[in-house]
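Visitor: Given next are the chains, with one letter for each unit.
2 protein chains.
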Amino acid sequence: MIEDKTPQRTSLSDLGEFGLIKHLTANFEINQPSTLKGIGDDAAVLDFKDKKAVISTDLLIEGVHFDLAYMPLRHLGYKSVVVNLSDIYAMNAKPTQITVSVAVSNRFPLEALEELFDGIALAAKEYNVDVIGGDTTSSQKGLIISITAIGEADEEELVYRNGAKTTDLLVVSGDIGAAYMGLQVLEREKQVFQVNPNNQPDLDAYTYIIERQLRPEARKDIRTLLHALEIKPTSMIDISDGLSSEIMHLCKQSGVGCNLYEDKLPLDPQLISVCEEFNIDSTTVAINGGEDYELLFTISMNDFDKIKGNPNFSIIGHMVQESEGIHLITRADTKIPLKARGWNALEQ
Amino acid sequence: MIEDKTPQRTSLSDLGEFGLIKHLTANFEINQPSTLKGIGDDAAVLDFKDKKAVISTDLLIEGVHFDLAYMPLRHLGYKSVVVNLSDIYAMNAKPTQITVSVAVSNRFPLEALEELFDGIALAAKEYNVDVIGGDTTSSQKGLIISITAIGEADEEELVYRNGAKTTDLLVVSGDIGAAYMGLQVLEREKQVFQVNPNNQPDLDAYTYIIERQLRPEARKDIRTLLHALEIKPTSMIDISDGLSSEIMHLCKQSGVGCNLYEDKLPLDPQLISVCEEFNIDSTTVAINGGEDYELLFTISMNDFDKIKGNPNFSIIGHMVQESEGIHLITRADTKIPLKARGWNALEQ
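Chains A and B supply the protein sequences, listed in that same order.
The UniProt record's numbering applies: residue 1 is where the first sequence begins, and numbers increase by one.
The UniProt record's numbering applies: residue 1 is where the second sequence begins, and numbers increase by one.
Don't take every hint at face value.
Calculated cross-link-like contacts (lysine-lysine; reagent style PhoX-like; alpha-carbon spacing at most 20 Å) [as the list claims (entries may be wrong)]:
#1 A/K165 / A/K306
#2 B/K220 / B/K232
#3 A/K141 / B/K141
#4 B/K49 / A/K51
#5 A/K306 / A/K264
#6 B/K308 / B/K264
#7 B/K49 / A/K49
#8 B/K335 / B/K264
#9 B/K51 / A/K51
#10 B/K232 / B/K308
#11 B/K51 / A/K49
#12 A/K22 / B/K339
#13 A/K252 / A/K165
#14 A/K339 / B/K22
#15 B/K165 / B/K306
#16 A/K264 / A/K339
#17 A/K252 / B/K22
#18 A/K335 / A/K264
#19 B/K252 / A/K22
Source of the hints: derived by calculation from the structure; they are not laboratory data.
All figures in this text were calculated on a predicted structure; none of them were measured in a lab.
Given the sequences, and given the hints that come with them, work out the whole structure.
Guide: Next up, the structure:
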């Protein structure tokens, strides 16, 4: 028996736009009680009754936000949804619906779009959100994804960026920096591959950090965890641009300063060893890397006992008077002003 | 006195992403009572109380949906908003908020983005919608705009695409085909300009059709008009892809057929004369052109007296059994099956 290894390629123009939408969205179920009408009309219709609706949107561009050389389309679809849902969780709200718009150039066959939408469908299922609308169109260059996420919350549950008070504790979920180093490993492998396409990379030592980059998860558990602990954060944000950038946002909007402690930063052992291999300072990575999609929040000092020792959270600092500024307190107990450099700054 | 005619060009990188968002959105006021939180957090927060929320989204790509050679950025910003609001009106709902995401390549200076956002702000003001969020990022090529519109309606007001009944009348607002011919004129002038850049075009004879293309309006008045006439459409859609395509949507989703009458199509005199000049059949343009952003709807035959003779509306056909199909009845009284060709088909 001879297997046909030629991948199947169906041209998008064979289907037409409406056929394409129908084909790609056939797997999208409606499960949310607030979804009155999903895909198929001029607009979707939602019913939030006495809940508040929360909306967030992101635009992702090939070559800027992702590189298809090492980002499988299924993972890209999944991640595109996750980064938006993360913004909804950062409001302490529950995501309920998303819209998905995609523009592709002709070089993408139908099978590629199917992969992308499989990842989108998987994330929608995993996070129990309905895909209620969107748009597919052609692009002149590359792949463009625009996702809008909608969520709901009771008014008293909502957490904004501007509620942090002096003496509040600064807390982060999970660990940070891994997604950034995962990207460094992938970039290095891409360069090796360009020199020698037959080289088979051994990525076993990097599985965790690569997964943090390629297939991040949004912290849907934090809302439930905090609720169980009877803690309501005073301010919250998700870590997309990097810890230092997000701390600056919380401080600026809340009118406070912050002391961040280097020795409290939660780093995964794999991250530390890869930083050594790359000869990069792990603190710099933890502070300025991004795309961790962990939640960063402040809580009242009175809630300290409820959260201390909880393996899901690390208390990494505390808020101070605005006039005191925003500083990193190093292991050597020196005080360095924190700068918002974010993702791109590290790559220069 | 010597005037400095060099246009001011401020590089986007001077501002940074957060500075850019702040700068561009400084003029966006919050006026809607349902907007609890606008730009500046992980997500916007909306409060619809007992109303239903309606959501629609569109992705617009330079070179696919617009050509900056003849589309001023201010008009583009205005139109980008209008096309989304038109979808909300097509649900018989009232638009209340929009999110705006923009990706631009480095060739755009700040002043260009300001023009674009001026147009967005103008449309937001004209239609009384709040700009509550979005995203600005860089693109590898050209300008990309993604807009999501949110609206509200009482449940009993909402009009879907699937409610048309046999014997219902098919009605369209305003006139159709002009936006398409406006584009033809602009394309012709672009070609003339490329051959002779010193040629000064005289576009006086084309003002209406060019305005329909460059600066369309959404029919925000129709909702009020129909309410005053005590008419609730049985189905409704807006004309973006073209009349024939939209009729097919209504018929397919409602399970009915349609007879469309050529002699009832509302054509502007300027459109007719330009069609003669271009030697294009005006009926073909009216049926297959697009981007008119008029509303197409069906009403019960019992409402005929309420709407007949109203200058805002034209009764252009009636719905029939699904098995009878979808036809154009020509002036010569022949019956031609209608095909959904939409916008692109005409250009081949």
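Visitor: Can you confirm whether the C-alpha distance between A/K165 and A/K306 stays at or below 20 Å?
Guide: Holds, because 18 Å separates the two Cα atoms, which is no more than 20 Å.
Visitor: Below or equal to 20 Å on CA atoms is what counts here, so check B/K220 against B/K232.
Guide: The given pair, whose Cα atoms are some 15 Å apart, holds under the 20 Å limit.
Visitor: Quick one, are A/K339 and B/K22 close enough, alpha carbons at most 20 Å?
Guide: holds (19 Å)
Visitor: Taking only the CA atoms, is the gap from B/K51 to A/K51 under or equal to 20 Å?
Guide: holds (11 Å)
Visitor: Is the Cα-Cα distance between A/K22 and B/K339 20 Å or less?
Guide: Since the Cα atoms of A/K22 and B/K339 sit roughly 19 Å apart, the hinted pair holds (cutoff 20 Å).
Visitor: Hinted pair, alpha-carbon criterion (20 Å max): B/K51, A/K49. Please report holds or violated.
Guide: Holds: B/K51 and A/K49 sit about 8 Å apart, inside 20 Å.
Visitor: Between B/K165 and B/K306, does the CA-CA distance stay at or below 20 Å?
Guide: holds (18 Å)
Visitor: Are the Cα atoms of B/K232 and B/K308 separated by 20 Å or less?
Guide: Holds, because 15 Å separates the two Cα atoms, which is no more than 20 Å.
Visitor: Between B/K252 and A/K22, does the CA-CA distance stay at or below 20 Å?
Guide: holds (13 Å)
Visitor: Within a Cα-Cα threshold of 20 Å, do B/K308 and B/K264 meet the stated pairing?
Guide: Given pair B/K308, B/K264 holds - Cα atoms ~13 Å apart, limit 20 Å.
Visitor: Take the C-alpha atoms of A/K141 and B/K141, compute the straight-line distance between them, and say whether it is at most 20 Å.
Guide: Between A/K141 and B/K141 the Cα gap is close to 7 Å, so the pair holds against 20 Å.
Visitor: Assess, step by step, whether the Cα of B/K335 is no farther than 20 Å from the Cα of B/K264, and give holds or violated.
Guide: Status holds; Cα separation ~15 Å.
Checked against the numbered hints above, the structure breaks none of them.
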